[in-house]
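Engineer: The listed protein sequences correspond, in order, to chains A and B.
Per this note's numbering, the first sequence runs over residues 1 to 417.
Per this note's numbering, the second sequence runs over residues 1 to 387.
Check the hints yourself; a few may be wrong.
To be verified - With a Cα cut of at most 25 Å, we get these calculated DMTMM-like pairs of lysine to aspartate or glutamate: (1) A:Lys291 <-> A:Glu270; (2) A:Lys60 <-> A:Glu242; (3) A:Lys267 <-> A:Asp247; (4) A:Lys391 <-> A:Asp362; (5) A:Lys201 <-> A:Glu242; (6) A:Lys201 <-> B:Asp93; (7) A:Lys160 <-> A:Asp283; (8) B:Lys227 <-> A:Asp289; (9) A:Lys97 <-> B:Asp93; (10) A:Lys33 <-> B:Asp93; (11) A:Lys70 <-> B:Asp348; (12) A:Lys165 <-> A:Glu242; (13) A:Lys165 <-> A:Glu295; (14) A:Lys387 <-> A:Asp289; (15) A:Lys60 <-> B:Asp93; (16) A:Lys402 <-> B:Glu147; (17) A:Lys75 <-> B:Glu219; (18) B:Lys227 <-> A:Glu330; (19) B:Lys227 <-> A:Glu94; (20) A:Lys97 <-> B:Glu147; (21) A:Lys33 <-> B:Asp348; (22) A:Lys75 <-> B:Glu147; (23) A:Lys165 <-> A:Asp286; (24) B:Lys227 <-> B:Asp372; (25) A:Lys403 <-> B:Glu147; (26) A:Lys402 <-> A:Asp379; (27) A:Lys201 <-> A:Asp223.
Think of the hints as simulated: they come from the structure by calculation, not from any bench.
Predicted, not measured: the structure shown is a model, and the values here were computed from it.
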Amino acid sequence: MKTDKPRFVRTVVSGAVALLLAGAAYAQGQAVKIGLLATLEGPFAAGGADGMRGAELAVKQRGGTVAGRKVEIIKASSNANPDVAVNAARKLVEQDKVDILVGPLSGSEGIAVKDYSRGQPQTTFINGGSGAQATTLVNPSPNFFRFNTEGAQWMVGLGKAAISKGYKRVMVIAEDYAFPYSQVQGFMSEFCRLGGKVPIKAWVPLGGKDYASTIARIPKDVDALLVVLGGADAVNFLNQYEAAGGDKPILGGSITVSQDVLNYKGKRRESLVGTLSAGPLADAFDGADWKAFVEDYRKNYPVSAGGYPSPSLFAFVYYTNMKAALDGLEAAGGDLSNNHQKYRAALSKLELKTPTGIVRLDANRQAIGTTFVTEVVKDASGNLLNKVHSKVDGVEQLLGMKKEEFQIGSRDVPACP
Amino acid sequence: MSAAHWRRAMNRGAGQAQPLRDRFVAAASASSSVLQDRSPPGGRGPGAFGGATTVGQPSFGFWQALMRALGMLRLRHLAALLLLLAFPWIGNDFLTYQIGAQALALGLITLSLTFLGGYGGMISLAQMSIAGVAGYTVAILGASGAEISLGWPWWAAVAFGLGFAVLSASFVGWLSVRTEGIYTIMITLAFGVAFYYLALQNYSLFNGFQGFQRVHAPEVFGVSFRKPLPFYFLCLACALAAYLLVKWTIRTPFGIALQGVRDNPRRMAALGFDVTAHRVAAYGLAGLLAGLGGVLLVWYNGLITPGSINTGWLINVLVMAVLGGMSHPLGAFLGALVFVLLQTFAIDLFDRERFNLVIGAVFLLIVLFSPDGLLGLWSGLRKRMTK
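Bound conformation, chain B alone (with noise of 0.2 Å):
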């Protein structure tokens, strides 16, 4: 969603055509009191907008919200469900683990980029890591070949996993937030560059570089996770929450000041805004979404070791978000999809010594010809047919 987007989606919501600019100056200057009655370090800092701009409004529930979203369905999004619902039937159990499965989970680690990225402007390289964290955890709570692991309940290692990845995520936040563009690049790929040489050489907790073998999916109600079929439903479902979550978080208050620091975060700060605590919570929230990416993909794989959080994995991620594009969600699932399907076909295609060509020419004609990834070239086709 571009700046020029969100202005418009939240007039909309608000119901006044006056532009955000415009309120913002008017919620500031006129009172300056709900300025102050805003909690300081809460970070979600409803007092502006919730004193200002929601006057007349129903306030943003989540209920409410599906119900606008269902109102707003159209039939393009029942099409995609249906296709998602209908994909292991028209494919087979390769493609539905494979390529379906696992376009899904690395899907949710690049949509916390996207989401990052997109909506505060912070490119965070720790996005791996951040899943690794989750990923390390159930392994070491949970069950696996390893004798280090702890062989806890699979929902309480689940649980102190997306924990851990919204701690350590909220950590990666605080650390770089007060840098911008390139620095805060450097900073988050030093951290994920460090968690990875300490997953290498700990052995008393990260079990060094053989990591953690057979930590399967669990079975829950006689159902096994591990057998495509149930597992890709279990990704489908995670990614739909998330994107929902997602799509919901960036019309809240706390998503629109976001937006608004990622925009001027000087004018948000004149405005009364923490923009500190705004980014930290929102490095915190795609801590969840990584976190949750770092679990399906370790009950993908049925292993951890630090090669599935090495440099090339940091980089991937953004190679991910960067293919499918940043201004949508949606762009995270795609360029997840195009990613796996390169990974895993290119090899059919040209000399099997050197097809990793293929995918470097494909991300480059694609970033060449379309800043905005996949995305871009979409509505740039669409501009071309209402023309």
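Bound-form chain A, shown alone (with noise of 0.2 Å):
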């Protein structure tokens, strides 16, 4: 032990003055701290690494500067559970004392930060992918941002295209949780509007494995399904389906026409052909913002660094999310006093120029912006690929409903049998 302490010692003195230094950096009020919550474990890691580029890319499109003052970024992991995902911001919020804190991801841990974000007024909350219609409807924060749309208004446009290819009457099949009843609300409530009839809804487990009773329930007389299932969960069903000799056209959901079911080998790989889906990005979109975000995302993530060939849906929300939070510091002018009062009042007023559109907010903190309907179509070389169909521009939350008379998405809302 007596060896020992000197060096103990000189650990001592030397935290203290790392210490001192922070301190006095602090209270210069150079550094403005934001907190980055992204899934970088369970089953959303690789979405949650790249929402995770997204957000960097923000900062670095910036310089690391905001109003003059420098961006400290301090990343923390959840799992895609609430309870994590709270611990985590927690963290961030009361031992690293952010003063702004963009995520979490996913939907059900959203509606928790929020829940949280209402005990810690001295903190700014900017969501970062998560999409659950609850988090800005029910109850919501006063200090809780949301500059991205979610599951609802995704879909909107849907139905329109679906009644014009002349599809009457439709099948959901779609997972058993939040997210997916809120796609076949966005979908529905346009559909069912403009005359369309759904007799049957289909929910099943997620990552469920055999299909074989929900295709024996698809009666003869729709014209098509829609199809609210992710990744592997939608080839696995689309593989059942044609073993089952179905051939209806598919309607997918933001997640379900992803690269792997356009990359599928099977047989009706030539009816995938025609397939509509909505989302709030398209691959193909030739916007001259979404071309350059799309090259600066190539040129700072190349795929040999563990980027992807194209940003995907949570490098684009992030992006969307923190690039809300350094203009909204840059039109307060880098001002946090009095519980952050100027900066939350510049961004409740901001006009987010985003890679798709201008996004703006409404009364509850929550994104209005653009949605695209996409359709599969056969390039020279044989390969399938995303074409947009269309473009839907300032979709609201309640997706064209009065406050009174509009629900939550469930199991049960809406119907039009």
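Please assemble the complex out of the two chains, which come individually in their own frames, going by the hints.
Structural biologist: Set out below in structure tokens:
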């Protein structure tokens, strides 16, 4: 023990000096501390890592400073469980004392962090990627902002496109949790209003392997199927539907017609051509801002460094929200005094320029933005890809309904059998 | 407490230096009538011990045990208690709540496994599920953000939560006690996974994937237990009570018989003890501890979802128990504290995208160098110092 003493003293002294220096930097009011929370573990680990890339890109584009203040990013991780997300957020807010928190990534995490934000008025919370409707509709928190649109908004326009294709009766096959409920609501509220009918809704468990009983329930007289299944579930369903000899056209949710599905090699591959889906971004969108964003993403995160060929949904929404956090700071002149009063006013009024168009906030601090309807087409070399079918601007969270008549989507809401 | 320890404790208590083994034999041969008197399915088995080994010694009353424990108080106990009481003023609100209270609540759940494993020789992976039963009951019967909650007063919800935890733990025990070792682990794991999927896919009772949000600790006599300081002391009181309960239980005739069952079930059965009943009762008591921890944990998080009882958490309870050491109830809380500290701060120590490596490495190191966890490190250190 005796020999260790000098080292111990040295550690304590250097630690104290470091603390003093850190304290001095804080006192000068130089750096703005932004906490960045995404899922680096669990089922969305890949999406969370891409979300972090998107958020970092927004900081890089400003050269790491905003309104004359340096931006310091402190990252934290969760695993898509709300309790873990709140623990990570609490550490960022109460221990690391961040000014602004950007995150979390998934739906139920978002609701939990929003509930937590109500008790922390000194910090401004800006959503990361989570898209649950209830986050801003039920018991909204005055210091929680969301600059991305959510699950129901992402499906607006698909109902109209389906009607114009001549689909009058559609069966719904979707996973049994909040995100697909909201997606189905986004589709049905428009589709039913235009005279469409949904005779059957089949809710299947997340990660289900066997769709035989669902396929057996598909009635003869429906014109198409709305399939809101994620990744592997979608491919499993397509395989089994083909094996059972099914031939109905398919409408997809926002995460259904992913690259996995487009790379599908089964016999029904040809019949995927013409499949409609909807979402907040479209790889093939030819807007100048979008192209510049994709270019910038590719330059900073080439495939060799772990990036994707094109920014994922999570990179896009994290980029959007982090950009909003920084643009708001710029507009407020970096003034975070008085519990962020000026900053929050600036955020509420912000006309955010995103790669897909202008985003504004509604009274619940929820984004009003753009949705794309896409269609699967075959290119000259036989590859399947998503082409932009139509673009809907100014999509609101209440989907054009009045506040009194709007109900959050669930297994039974809405209904038009 | 190792087998040698409890034998010594036993001997000291009875005021005899006779080895336990001999006393069992003496008890068995001297009075077969005592064995017949024993109430058969009660599980407490007081006959053999009450009749033969506690001659001339006051009975094991809780208050007497408490008084004796007070007499045994050492300076280090007082120091530890003072440190625990002063902790909120040493740290800030964050440390009090996220580190202190969370470690105590998780420690309670781990204690239920330490009790089962250390004194009953049964490793159950379902302890987090038992805690989840209590947590879900509080969320379903009490108040929450979900519409299907019944909104009962908190004390009724908590009472039912603990009751269901004990019932379900006894059920798991009854299912698994006839198995040994790896098979016990498999059966309890199966129960845990089944309960996870039930909670995930049932909407009418468990609210499926979304679970229950806004399940907050109550306000009692003007004290809001949602605040860090009161909640910390609530957890501390529960943890201390549970710790003393376990310390007391292992010295009762039931506890000593349980340790006998751990060491040699066949001999205990031959002596007339109902091995199954002892084990099921141990599961029931562990269920009470886990249920208490589960209620505190659901209040701590303010929510419960299937993610709170998934396989990862089932294993984490075992990790905490092994990390701390299963030879003493203290190990459960030590293990939980180290686990919570790592979960919270490992991300600051290392590459933020790979911080789970730190957690894994620390776990590996401790298990590699001290099979009995942190407690083993401590006792090894003490042995070296006294040498």
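Engineer: For this structure, which hints from the list above don't hold up?
Structural biologist: 1, 2, 6, 8, 13, 15, 17, 18, 20, 22, 24, 26
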